[in-house]
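Q: Taken in order, these protein sequences are the chains called A and B.
The first sequence begins at 1 in the UniProt record's numbering and counts up one residue at a time.
The second sequence begins at 1 in the UniProt record's numbering and counts up one residue at a time.
Since no wrong hints were added, every one of them can be taken at face value.
Covered stretches of chain A (chain B as the covering partner; in silico rule of three or more C-beta atoms under 8 Å from a C-beta of chain B):
1) 195-201
2) 205-214
3) 244-252
Bear in mind the hints are in silico, worked out from the structure with no lab data behind them.
This one's a predicted model, so the numbers in the text were calculated from it and none came from an experiment.
Just so you know, even glycine gets a beta-carbon here, dropped at the ideal spot from N, CA and C.
Protein chains: 2
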Amino acid sequence: MSQQKLFNVAVVGATGAVGEQIIGLLEKRDFPIAELKLLSSARSAGTKLMFKGKEYTVEEATPESFKGVEIALFSAGGDVSKALAPHAVEHGAVCIDNTNAYRMDPDTPLVVPEVNIDKVNEHKGIIANPNCSTIQLVAALKPLQERYGIARIIVSTYQAVSGAGSRAIDELLRQTREVLDGNEVDPDILPVGSLPVKHQIAFNAIPQIDKFQENGYTLEEMKMVRETKKILDDESIDVTATCVRIPVVYGHSESVYVEFKNDYELEDVKNLLADAPGVVLVDDPAGQRYPLATEAAGKPEVFVGRLRRDLGHARGLNLWIVSDNLLKGAAWNAVQIAEYIAIEKP
Amino acid sequence: MSQQKLFNVAVVGATGAVGEQIIGLLEKRDFPIAELKLLSSARSAGTKLMFKGKEYTVEEATPESFKGVEIALFSAGGDVSKALAPHAVEHGAVCIDNTNAYRMDPDTPLVVPEVNIDKVNEHKGIIANPNCSTIQLVAALKPLQERYGIARIIVSTYQAVSGAGSRAIDELLRQTREVLDGNEVDPDILPVGSLPVKHQIAFNAIPQIDKFQENGYTLEEMKMVRETKKILDDESIDVTATCVRIPVVYGHSESVYVEFKNDYELEDVKNLLADAPGVVLVDDPAGQRYPLATEAAGKPEVFVGRLRRDLGHARGLNLWIVSDNLLKGAAWNAVQIAEYIAIEKP
Chain A
1 MSQQKLFNVA
11 VVGATGAVGE
21 QIIGLLEKRD
31 FPIAELKLLS
41 SARSAGTKLM
51 FKGKEYTVEE
61 ATPESFKGVE
71 IALFSAGGDV
81 SKALAPHAVE
91 HGAVCIDNTN
101 AYRMDPDTPL
111 VVPEVNIDKV
121 NEHKGIIANP
131 NCSTIQLVAA
141 LKPLQERYGI
151 ARIIVSTYQA
161 VSGAGSRAID
171 ELLRQTREVL
181 DGNEVDPDIL
191 PVGSLPVKHQ
201 IAFNAIPQID
211 KFQENGYTLE
221 EMKMVRETKK
231 ILDDESIDVT
241 ATCVRIPVVY
251 GHSESVYVEF
261 KNDYELEDVK
271 NLLADAPGVV
281 LVDDPAGQRY
291 PLATEAAGKP
301 EVFVGRLRRD
311 LGHARGLNLW
321 IVSDNLLKGA
331 AWNAVQIAEY
341 IAIEKP
Chain B
1 MSQQKLFNVA
11 VVGATGAVGE
21 QIIGLLEKRD
31 FPIAELKLLS
41 SARSAGTKLM
51 FKGKEYTVEE
61 ATPESFKGVE
71 IALFSAGGDV
81 SKALAPHAVE
91 HGAVCIDNTN
101 AYRMDPDTPL
111 VVPEVNIDKV
121 NEHKGIIANP
131 NCSTIQLVAA
141 LKPLQERYGI
151 ARIIVSTYQA
161 VSGAGSRAID
171 ELLRQTREVL
181 DGNEVDPDIL
191 PVGSLPVKHQ
201 IAFNAIPQID
211 KFQENGYTLE
221 EMKMVRETKK
231 ILDDESIDVT
241 ATCVRIPVVY
251 GHSESVYVEF
261 KNDYELEDVK
271 NLLADAPGVV
281 LVDDPAGQRY
291 PLATEAAGKP
301 EVFVGRLRRD
311 LGHARGLNLW
321 IVSDNLLKGA
331 AWNAVQIAEY
341 IAIEKP
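Turn these sequences into a full structure, and let the hints steer you where they fit.
A: What follows is the structure, given as structure tokens:
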């Protein structure tokens, strides 16, 4: 057995909610690292972070930061990826980008390892990590698509605030305490930090994630529509999404209606999901067991349950899909791709 | 103008979450009351409640409680309605029942005043108030059904804990504080008080409201399916529901996909909803305005927004419907029916 090659790895956005999870996973998975660079905006540079018992100082990410870097994991927002990923590629790094910057670029593979890991081999320097709400959807639906074909998907999401970053988590907890104490709530971040109107998230449901597009859908909804088609590699699938933020810290839930191209048996579906990689079937109505955000939090899998036939359409199926949006929905999916590149790639 | 006749009114379940709202509305609306009887279980009997500045002592509801009662509003659970409503009818009362006991009874009208108030005239002593999640759905869809016809409805709900009663509200608030304080959570009520398994509702989304049926759907989901067809008076409509409890105190939200029988114009839909009785259109993506549970709480209307064409199906429309589940979803709908009987009925 040959010795494992070690890689120079950079984490861009190291102080963010996803960056923190990536660093934790690199440590936990004992990723083959030669040198680790933790990068951030100028604002967060200087932060001290621990990795395998050693203290690292976070540095400001600049084009020159990527000299010698072989694998760069980006999760510092689309603008940062757009500005810096090309420099990282120039320096010879493979970039795994967790933002929306390159996902729909035809030259960039959009990868969920359980679905289309082979696409990694087509990369031209950048591999895109899909949106959190898309990853758990396609991970659960892929085995069903292979068996029955998918005609349409209608999904309504119940998304955790951690998807909007650390400051949104702080905001939910702060607002919640204010409401419990009978104090005034002064929303500051959600639904979209860069937009003028803010809404209370504590004890509320906000049907806006990211900015509105001209067609009346939000960007988050359109991400789900476009990315699902790209990853499932079938532009003919009709996808409709309604994306909603709810007062949950970790774990996105999704109510999904899927219509297959062919007839199906419910028992078959259960067997397929029970055997699917990265998927855990939790489907026991009699025992009141179904996926829950609180139980998915901190776990890498995608949890699926509430499987039931549509009452009107013979090829329709309803299901409930839950996963930790920071893990499978972001950091873990990215680290899975990095592991493939570093360890498994043919 | 003739003098308004006054009625002997009984409120059964007077100490519950809905009963409290009914009493508040009877006062606020200056309902033509001769004598008011506040009734409850033996456990809550003796409670003192105020009505128009006068103190009332809640009495235990028995078959004899309804002597002389002309209008009885029931919201003390299905078993109480089943046991006592027939006695109330025998004593000559018209019962407006807010439970599931008689809703699907072919002899009982199931009424949402904005949709089918004329059905009240067919009653044989009992008029059923629909399930909260159904009421707001059909109130918003009725004007669209009239214009275009409805082929199918796929709805995912985001339901407030107050729908499960006062103790569920207490549970959410108590659990939330426990989580914020870093203490252990010990679920006691939700998802279903009478079932053995309990789940944390604080910072979670529970895809179970009421008991599971043999077909894998919950009773709440089947209520939405059956009641929607009955109220919209069209058994051919395909209805699919996924009902989810979220950490909200007041106000149910619904993500709704509807497919019309005929082509439609989005502007037309907006105009129809803007003019619909009891409906408020809140649909301004540019201004980040859409219905929110926090803004619907305490208001009698049904709020509708996020209107957008389905991207794949020309006759498909997505919308977001929010209403206060204790008001339009329960107490206000019941008092509207009572007002029709007492004041408007031809």
